[in-house]
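Engineer: Chains as they are written, first to last, in this note's numbering: chain A, 51 to 495; chain B, 51 to 495.
Some hints here could point you the wrong way.
Which copy is meant is left open, so a pair is good if it fits within one copy or across any two.
Here are the simulated BS3-like cross-link-like pairs (lysine-lysine), alpha carbons at most 25 Å apart as the crow flies [claimed, not checked]:
1) Lys166 - Lys430
2) Lys380 - Lys288
3) Lys288 - Lys305
4) Lys339 - Lys280
5) Lys305 - Lys349
6) Lys339 - Lys305
7) Lys380 - Lys280
8) Lys339 - Lys288
9) Lys263 - Lys339
10) Lys188 - Lys89
It is worth saying that the hints were derived from the structure and are not from the lab.
2 protein chains.
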Amino acid sequence: MKNILILGAGLSTNSLINYLLDHASEYGWHITVGDINEKAARRKVNGHPNGAAVIFDINDDMESWRTIAKADVVISMLPAFMHHLVANKCIDLRKPMLTASYATDELKALNEKAVKAGIPILMELGLDPGIDHMSAMKVINRIQNEGGKLTSFYSFTGGLVAPEYDNNPWNYKLTWNPRNVVMAGNGVSKFMRNGRYKYIPYHRLFDRTMTRKILNYGEFEVYTNRDSLKYREVYGLKDIPSMYRGTIRRPGFSKAWNVFVRLGLTEDTYILEDSENMTYRQFVNAFLKYEPQVPVEIKLQEYCRHAADPVVFEKLKWLGIFDDRKVGLKNATPAQILQKLLEEKWKMDPQDKDMIIMQHEFKYTIGNEDKMTVSAMAIKGKNQEETAMAMTVGFPLGIATKLLMLGKIKHKGVILPIHKDIYQPVLAELKTFGISFEEKEYMMG
Amino acid sequence: MKNILILGAGLSTNSLINYLLDHASEYGWHITVGDINEKAARRKVNGHPNGAAVIFDINDDMESWRTIAKADVVISMLPAFMHHLVANKCIDLRKPMLTASYATDELKALNEKAVKAGIPILMELGLDPGIDHMSAMKVINRIQNEGGKLTSFYSFTGGLVAPEYDNNPWNYKLTWNPRNVVMAGNGVSKFMRNGRYKYIPYHRLFDRTMTRKILNYGEFEVYTNRDSLKYREVYGLKDIPSMYRGTIRRPGFSKAWNVFVRLGLTEDTYILEDSENMTYRQFVNAFLKYEPQVPVEIKLQEYCRHAADPVVFEKLKWLGIFDDRKVGLKNATPAQILQKLLEEKWKMDPQDKDMIIMQHEFKYTIGNEDKMTVSAMAIKGKNQEETAMAMTVGFPLGIATKLLMLGKIKHKGVILPIHKDIYQPVLAELKTFGISFEEKEYMMG
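Make a model of the complete structure from these sequences and hints.
Structural biologist: What follows is the structure in structure tokens.
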């Protein structure tokens, strides 16, 4: 029996744990799920004969050492900032490790040590980062092998509510970490177009969207991700003139969200005075001029002309930002108050299903021709456990773990899934779960 | 002979050093100016029989200890972050200390130690903070002594070029730390009006100005300072319903500056790619949409509607932001590039004189009457050495040092000049230098 250790039993681990348990007897695996909350771990294992649950606390040095020592491979689903603690133990104990998180500079600095220990630390094996890399590299490598030269790469991803359950004016629900949604884009966003670097400050980010039809799912809009430039290096496209990454929402989302950004409701750097006794209406009013004889609704429309658009205003009103209802949060930042409201209003109902949408757009020249390839994927969740997010994060990790256990991944060190011997079998098996990319070729005018 | 040690020989120390040297033989003082650059210190002392220059490096623990040990009082004009190092030595050696800088939490934490050592650490003894506190407390105390109840306190300060030398379309020149001008207001600004807390995010700050006529100097505009709320505690006005502090500029400045804020040119959190080879025109273009067939000037006016105002556009053009001239700064942030340009264009010419303007507006009720008191001050620099900034920072410090040496300040611990026995004699002597407040009383409708 080979021992696989999964650290963390959060919501996004369902598909991963089920995938490994489903293949456990076939490959002779024993799956241990470790979490600081043993009950949560046990619930995930659900009495499977090849499974076990343990308490795992990365801050308990001795005990976490002992748990990792018993494993043949470790998958860390812990919060991202804990990965380097796990990685250091895996290196010392020579245990291969996998995560769905970004290879931060801190992690990358462990590359040499991992190579010396003779183990791979496979990072960015989820959805975004993860499936984005694999599906992009597949097309990039094919174009380059055919002698094509890439001139532009745009890539968009979004987690949304599936259209059948899309029943609010924002066409959006929280299918993922709410804090990340509130803080999205905070900072500067950088991309390249035709060799020109472009920068968008946060307060203009939601002004500058693009629209796209994707597959048969109708229209979407895209806003820019924080740093598109670093992907030039990831994909070996250092000299590509255009590089852009964005987040997908339904049309109209950004224009309404922009009102919150412009007002300052998404700021997280200071605490509001007496937030405890504030109503949502007073919260909004705190960012508007002092004009006690003018209703908050009117002041907002005068302050942000976007808010005067009836489609935008309807969204704002529906959220309850004008309600005389107490927030009830002590020492809260604006972002925390907004998040509390969104968690109520954008909550997924029990029957709701989520959807992941991803689209890559490659422009390239081959011979004298300008061509474009569009590669797109959409997948809906099955239920509240097997969400599209859990599947797209968990299956690539599960499949890579299998490949590793079967000796099919030979890389050592800190590795991304940009290598053909990783992405090809992972993408092939993802298809069997309905995660498949549809490619279209266009000749350009 | 009593020894006075002045640490730091920067531009703002001229009036302070001259004040103390001018009074040195009268009171039997010996003035030592210490700077990391001994030459700079010597230049300030200028061969005065009661003066001496020494090398002073706060990081040279032994030597700085020895220098402070010889003094009877220490005035720190070093960069603000160094004050606590000086303060700790002054406490250990039981030497009174004075500065023109904010009493940070780090400094305030030394209060008990200073009390035990039996010395005062007199902070915030410059212009702003400094003269603002003293001139405000004088009126506040008078109103309260008469039985008045303050309902509103607005206070504005600005450093500008004197009207006679005001010859550029911004009506502004750099009379003070250029970096502070570029970063002004970055973050959130907080104030209170009629019991309502108000917050302005940075990207809206320069939208929301007020205008004022001040003394005989014509019209000014005011934008909000970062944190007006903390002054409630400083002035003992915890329950005042309205509290606002702002910065004074000439009308039209904010609307044009706003274009830079909106574009993102004042951001200092990231480095621009290849900034070294960028022209100012390309710098601006990096924040605008990719539309190579549209000139930067037009794109800017489409992106920021304020920029389309001909008065604003004239200011932008005059600064040279559209010039095809290389920036020549390696690994620069947007704010650093903008600062470089401003340092060229907003430079004070050798004959130019600066001006400081300050206005306080107090509203209060007394009996059944609503009243208002406006207290305003303006002073112009004499020359490039005795600037209005150097005088308004240096004289209060110099006068307070004299009072201390004469035994007229009995306070111990970390002290602000909000006490009558400090502000009254300081304000009285400031008048002899032309720094005087003109007060007007109004009956309110």
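Engineer: Are the CA atoms of Lys380 and Lys280 at most 25 Å apart within a copy, between copies, both, or neither?
Structural biologist: Answer is between; shortest inter-copy Cα gap is 19 Å, intra-copy 39 Å.
Engineer: Under a CA distance limit of 25 Å, which applies to Lys339 and Lys280: within one copy, between copies, both, or neither?
Structural biologist: between (41 Å within a copy, 20 Å between copies)
Engineer: Could you place Lys288 and Lys305 in one of the four classes (within, between, both, neither) given a Cα distance threshold of 25 Å?
Structural biologist: Cα proximity of Lys288 and Lys305: none, with 33 Å in one copy and 40 Å across.
Engineer: Check Lys380 against Lys288 for me: Cα-Cα at most 25 Å, and say if that holds within a copy, between copies, both or neither.
Structural biologist: For Lys380 and Lys288, only the inter-copy Cα distance (20 Å) is at most 25 Å; the intra-copy one is 48 Å.
Engineer: With identical chains treated as interchangeable, where does the CA-CA distance between Lys166 and Lys430 reach 25 Å or less: within a copy, between copies, both, or neither?
Structural biologist: neither (42 Å within a copy, 69 Å between copies)
Engineer: At most 25 Å between CA atoms: does that hold for Lys339 and Lys288 within a copy, between copies, both, or neither?
Structural biologist: Answer is between: at 22 Å across copies they meet the 25 Å cutoff, but 48 Å inside does not.
Engineer: Since the copies are identical, ignore which copy is meant and state whether Lys263 and Lys339 lie within 25 Å (CA to CA) inside a copy, between copies, both or neither.
Structural biologist: Answer is between: at 22 Å across copies they meet the 25 Å cutoff, but 40 Å inside does not.
Engineer: Since the copies are identical, ignore which copy is meant and state whether Lys188 and Lys89 lie within 25 Å (CA to CA) inside a copy, between copies, both or neither.
Structural biologist: neither (40 Å within a copy, 66 Å between copies)
Engineer: With identical chains treated as interchangeable, where does the CA-CA distance between Lys305 and Lys349 reach 25 Å or less: within a copy, between copies, both, or neither?
Structural biologist: both (18 Å within a copy, 21 Å between copies)
Engineer: Indicate which option fits the pair Lys339, Lys305 if close means a Cα-Cα distance not exceeding 25 Å: within, between, both or neither.
Structural biologist: both (22 Å within a copy, 18 Å between copies)
Violation of the numbered hints given earlier is confined to hints 1, 3, 10; the remaining hints are satisfied by the structure.
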